[in-house]
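*Asks:* The primary structure of each chain is shown beneath.
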Amino acid sequence: MDLKDIKNNAFEDIKNAKSQQELEVVFRKYLGRKGSVRDLLQALKTSSLEEKKEQGIKINEVKQEIEKKVKEKEKEFGGLGEKASKSRKNSSQNYGTKQEGAIHPLRLIEEEINRILQEMHFSVIDGPSLETEHYNFDALNIPDEHPSKDLWDTFWLRPKSAKYLLRTHTSPVQIRYMEQNQPPLQIIVPGTVFRYEATDASHHFQFHQVEGLMVSEDISIANFKFVINKFFSEFFNQKVTTRLRPGFFPFVEPGFEVDMQCILCGGEGCSSCGRTGWLEMAGAGMVHPNVFESAGYNPDKVTGFAFGMGLDRLAMMKFKINDVRLFLENDIRFLRQFS
Amino acid sequence: MKFSYAMLKDLIQGDLPAPHKLADVLSLHSYEAEGVIGEGEDAVIDLDILPNRASDSAGHIGIARDICAILGLRLKQPEKISDISFESKKTEEFKVNVKDKKLCDRYSAVFMEDVKVAPSPDWLVKRLSLLGLNSINNLVDIANYVMLLTGQPLHIFDYDKIEGQEIIVKKASKGEIITGLDDNEYELEKDMLTIADKNNCLGIAGIKGGKMAEVDGGTKKIIIESAHFDPSCIRRTSKKLKLQTDASWRFERNVPNCFTTSALEVTAFLIKEVAGGQVKKGVDVNNSKEHDSKISFSLDEVHKTLGSGDITEKQVAEILGALEFWVKENEGAFEVMPPAFRLDINIKQDVVEEIVRVYGYDKIEPKEPEIQDKTVKQNIKNEWKKVVAKKLSDKGFFETKNIVFVGDDIQKVWGYEKDKLWELENPINHTIPFLRPFLLPNLIKTAQENIKYDTEDYGMKFFEIGNIFRKEKVQERTCLSLVIIQKQEIDEDYLKNFILSLFEEWEVVDVSTTEGYFPGTHALNVSGKELGIVGNIDTLFADSKYDISMAEINVEALLSHIDEHVILGQSEEQGKGGQKLDIVYEEIVKYPIVKRDISLFVSLDTDADSVKKFIFDAAKQMQNNFLVDIDLFDEYKQPDKLSIAFHLHFQSREKTLESEEIDKQMVHISDQITSQTDWKIR
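In order, the protein sequences belong to chains G and P. All letters in the first sequence, in the order written, are residues 1 to 339 by the numbering used here. All letters in the second sequence, in the order written, are residues 1 to 682 by the numbering used here.
It is possible that some hints are incorrect.
[Stated by the list, open to error] Here are the computed distance ranges between Cβ atoms for each label pair:
id	chain 1	residue 1	chain 2	residue 2	range
1	P	102	G	200	19 to 29 Å
2	P	472	G	333	35 to 45 Å
3	G	47	P	512	48 to 58 Å
4	P	39	G	239	46 to 56 Å
5	G	331	P	581	14 to 24 Å
6	G	264	P	20	14 to 24 Å
7	P	187	G	264	28 to 38 Å
8	P	641	G	3	47 to 57 Å
9	G	331	P	493	39 to 49 Å
[Said to hold, decoys possible] Computed list of lysine-lysine pairs in DSSO-like fashion (alpha-carbon distance at most 27 Å, straight line):
id	chain 1	residue 1	chain 2	residue 2
10	P	496	G	68
11	G	29	P	487
12	G	239	P	367
13	P	126	P	80
14	G	320	P	377
15	P	473	P	391
16	P	418	G	53
17	G	53	P	445
18	P	620	P	680
19	P	473	G	230
20	P	239	G	149
21	G	160	P	471
22	P	363	G	163
23	P	576	G	318
24	G	160	P	680
25	G	163	P	377
26	P	545	G	7
27	G	18	G	53
28	G	163	P	545
29	G	230	P	377
30	P	391	G	58
31	G	318	P	545
These aren't lab readings, by the way, just hints derived from the structure by calculation. Keep in mind the model is a prediction, meaning the values are calculated, not measured. Note that CB positions come from ideal geometry on N, CA and C, so glycine has one too.
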């Protein structure tokens with residue numbers, strides 16, 4: 001049946017309806033979920049985009065005309081008009097299960113981290129996810145053709161010669177910020193990062209980090225210890241013990257790993273901390289002079305520390321979530337637990 | 001990398017802590033100990049060697065040296081034959097011709113005769129086995145053992161199988177094939193380095209020796225190779241041939257070229273001990289450059305970096321001396337030179353790291369930084385995200401975060417032009433090779449996957465705030481998208497009006513809507529410029545079971561029309577609520593829920609909730625109770641009674657439930673109702 005026939009038949013049926021109830025039946029026949037107009041729209045799903053647009057407009061016009069005719073006819077049955085049409089459609093105000101909604105757990109954690117660090121005078125900065133090799137690697141003292149680059153398996157965009165990639169950490173934003181601003185400074189960059197890796201309960205190719213940077217004339221390792229201790233104590237709502245041990249990242253020297261004494265077993269050793277009593281929480285270090293130079297700072301005049309933490313991991317610890325994939329699966333049975 | 005406690009003990013004078021204690025010391029001052037296997041002398045410590053230390057620490061001597069510096073013990077070098085004389089090009093027995101000096105800047109070799117190839121002695125077999133290596137024969141085993149000891153990979157050739165008594169180091173010819181010691185054939189390319197004699201290829205340099213000059217039971221004369229190969233060349237070759245060995249792993253990370261001759265001296269000593277033989281002269285073709293790397297710094301600078309603790313000049317000098325630095329100190333001013341095998345020490349910060357890690361990070365007390373300017377920059381976009389997320393979740397929307405990759409339905413179904421799409425060179429999955437140019441496609445998929453959990457047909461609402469990517473002047477943008485999905489028809493204007501009301505709350509002026517690109521949609525405009533779309537796109541969806549209402553808005557464009565203060569004000573208001581973070585996630589049960597209905601007549605004054613409670617309690621009485629939820633779906637007043645109906649939801653945490661199990665519970669519940677109350681089951 002073509003559009004013109006449908007329209008004519010509909011007008012005919014509407015004219016002949018003898019009661020509100022009969023009118024409802026007519027309405028459903030043409031404009032209901034299984035109605036003929038709906039069928040026509042569904043039939044378009046295999047058409048080209050141009051077809052869809054062209055036909056869609058025509059079908060929509062007819063749909064509106066039929067609706068108008070129904071509304072007019074309703075007046076004959078005692079001006080139910082508005083009320084009837086409202087009952088036909090489920091009142092949208094009540095869509096969704098009992099008004100509950102939820103913010104994503106990663107946002108809850110990010111906001112908490114931002115709050116704590118803003119109170120410690122860090123500013124929150126954003127930057128692009130689609131980055132260049134220069135900002136993601138070169139400016140951070142990560143050379144080409146080097147085993148250390150393997151630490152960051154990268155998603156490259158076509159053409160590879162253009163050297164665009166999805167950022168593997170949020171540190172490039174720190175370089176961009178330093179290029180545009182003078183020290184002293186304290187910033188954090190929360191954001192989505194990407195690494196070409198196999199996905200499992202603890203790893204995903206798309207995950208989230210918060211990286212921080214503090215630069216001034218005489219920032220020291222002791223200052224870093226103070227800041228990181230304070231942060232973890234606030235975040236976990238209790239006094240925590242942290243320790244630094246040697247680590248390596250091309251953009252810091254000295255570089256360190258930050259461990260926190262396991263809050264579940266108090267350092268005795270349990271299944272959560274692999275029986276060591278310590279949990280690896282962040283990578284950090286004193287900013288490498290080459291990085292300062294890339295950013296246009298004089299390394300003899302400034303010092304600073306940088307640190308990075310996994311947001312997903314912190315969220316998993318805080319909420320006792322056992323699988324990182326849940327964050328991007330968006331199963332409502334997971335999401336609603338955070339409302 | 002695995003290290004033998006016994007081998008470390010051999011290299012250290014003084015009392016070594018027990019394996020577990022030693023592992024802890026190393027974790028705090030050198031490398032993370034990932035585990036200790038075995039006990040006492042047989043213990044093996046697995047260390048995560050930092051990428052910049054592989055040069056000096058891929059051998060027991062490097063680790064032993066660190067231990068000595070940390071614990072104040074003395075390093076004991078392994079025994080060696082120290083009087084081997086090395087010629088610069090050739091000896092009576094053989095000559096070395098290095099054709100490519102860039103790819104091989106040092107080639108050292110020693111000739112030995114009258115060796116007896118035999119099975120290795122027990123101590124050697126055991127030590128190799130503890131570290132995961134198989135025993136082959138005494139010569140090959142010693143070469144491996146010395147590599148584990150020093151970090152320098154070695155190779156042994158059967159001298160009599162080398163034609164022309166000449167070792168040539170040169171690039172391969174295209175298509176050249178070599179059979180390796182592993183019996184595999186490798187086809188080489190022009191940029192790969194080989195060890196050859198005048199007629200044949202004898203080995204892939206730094207990676208694998210060839211069968212041609214293999215050491216076997218009859219070998220009497222040998223040439224031991226100890227060389228330095230260009231790391232990038234080894235890395236490329238290894239990748240192309242998909243061949244990685246203990247040797248290539250080390251060469252890739254740059255074995256210091258000062259190791260070559262000393263490793264030969266140790267090897268010659270061990271071979272003589274174990275396999276007999278005479279050591280003759282060696283050849284050392286050395287084209288490597290010594291780099292003069294004096295580094296200056298002051299004690300003051302060390303104190304400044306540490307920020308606290310009072311390390312003294314003496315301590316600094318001791319630490320660096322134990323690490324074999326050359327040290328000159330004068331009233332707090334230091335001039336030092338790192339040992340030739342420390343390729344990672346180039347600037348004073350590298351030296352400071354050595355000092356502080358051996359001294360101990362634990363000795364640094366935390367110190368609050370002095371901050372002059374405490375102003376924190378406002379990030380309006382971030383504040384807005386906080387505000388909108390709260391508003392939407394309060395209105396029943398669930399926030400999602402979806403992956404940024406999309407497939408070709410972005411062109412086929414949504415009609416997005418391919419040349420505006422960013423495509424990945426190495427997608428994680430070939431079905432999703434593009435970056436999303438808008439949020440809706442993946443958000444709608446998420447909505448469609450979730451609607452099956454809408455057992456009561458209430459419908460669901462979702463939103464996402466995320467970045468999109470297009471090959472346009474502006475590559476990357478932030479967008480907000482919303483989706484409503486439900487079985488019943490959705491009021492066309494609901495979402496549009498909802499968004500317009502949000503705009504009103506944000507005091508956006510000059511808002512208008514016009515016909516959208518797809519029929520049934522509207523464009524949202526501010527000051528005549530489009531910054532979003534909203535509507536139903538019936539024509540695009542294969543799934544006709546549900547109605548979908550959608551919207552997507554360009555956030556940066558929207559923010560340009562919102563006064564900062566409006567956002568900051570709303571954010572502050574919200575902030576007063578505070579964050580609820582004491583949530584504990586309950587693992588989602590993956591087994592399906594089964595619904596059964598129960599309808600009852602009760603007296604007019606009966607409270608539906610009390611009926612619900614009764615049913616719950618009745619279910620709990622059973623040993624196997626699977627009732628997880630009860631939903632009132634009908635309540636109808638009749639003149640003399642109340643008719644109510646519930647959906648009962650059953651689910652097990654362990655398996656899919658059988659009908660019989662649920663029947664049992666229904667029977668029990670009915671029995672309880674009949675016997676305990678005056679309610680009538682319909």
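*Asks:* Indicate, hint by hint, whether the structure satisfies it.
*Replies:* Taking the hints in turn, this is what the structure says about them:
no., hint, in the structure
1, P:102 x G:200: 19 to 29 Å, "violated (42 Å)"
2, P:472 x G:333: 35 to 45 Å, "holds (38 Å)"
3, G:47 x P:512: 48 to 58 Å, "violated (30 Å)"
4, P:39 x G:239: 46 to 56 Å, "violated (36 Å)"
5, G:331 x P:581: 14 to 24 Å, "holds (21 Å)"
6, G:264 x P:20: 14 to 24 Å, "holds (22 Å)"
7, P:187 x G:264: 28 to 38 Å, "violated (55 Å)"
8, P:641 x G:3: 47 to 57 Å, "holds (52 Å)"
9, G:331 x P:493: 39 to 49 Å, "violated (30 Å)"
10, P:496 x G:68, "holds (21 Å)"
11, G:29 x P:487, "holds (17 Å)"
12, G:239 x P:367, "holds (16 Å)"
13, P:126 x P:80, "holds (21 Å)"
14, G:320 x P:377, "violated (33 Å)"
15, P:473 x P:391, "violated (32 Å)"
16, P:418 x G:53, "holds (19 Å)"
17, G:53 x P:445, "holds (22 Å)"
18, P:620 x P:680, "holds (21 Å)"
19, P:473 x G:230, "violated (43 Å)"
20, P:239 x G:149, "holds (15 Å)"
21, G:160 x P:471, "holds (15 Å)"
22, P:363 x G:163, "violated (44 Å)"
23, P:576 x G:318, "holds (22 Å)"
24, G:160 x P:680, "violated (74 Å)"
25, G:163 x P:377, "violated (32 Å)"
26, P:545 x G:7, "holds (24 Å)"
27, G:18 x G:53, "violated (36 Å)"
28, G:163 x P:545, "violated (44 Å)"
29, G:230 x P:377, "holds (21 Å)"
30, P:391 x G:58, "violated (37 Å)"
31, G:318 x P:545, "violated (39 Å)"
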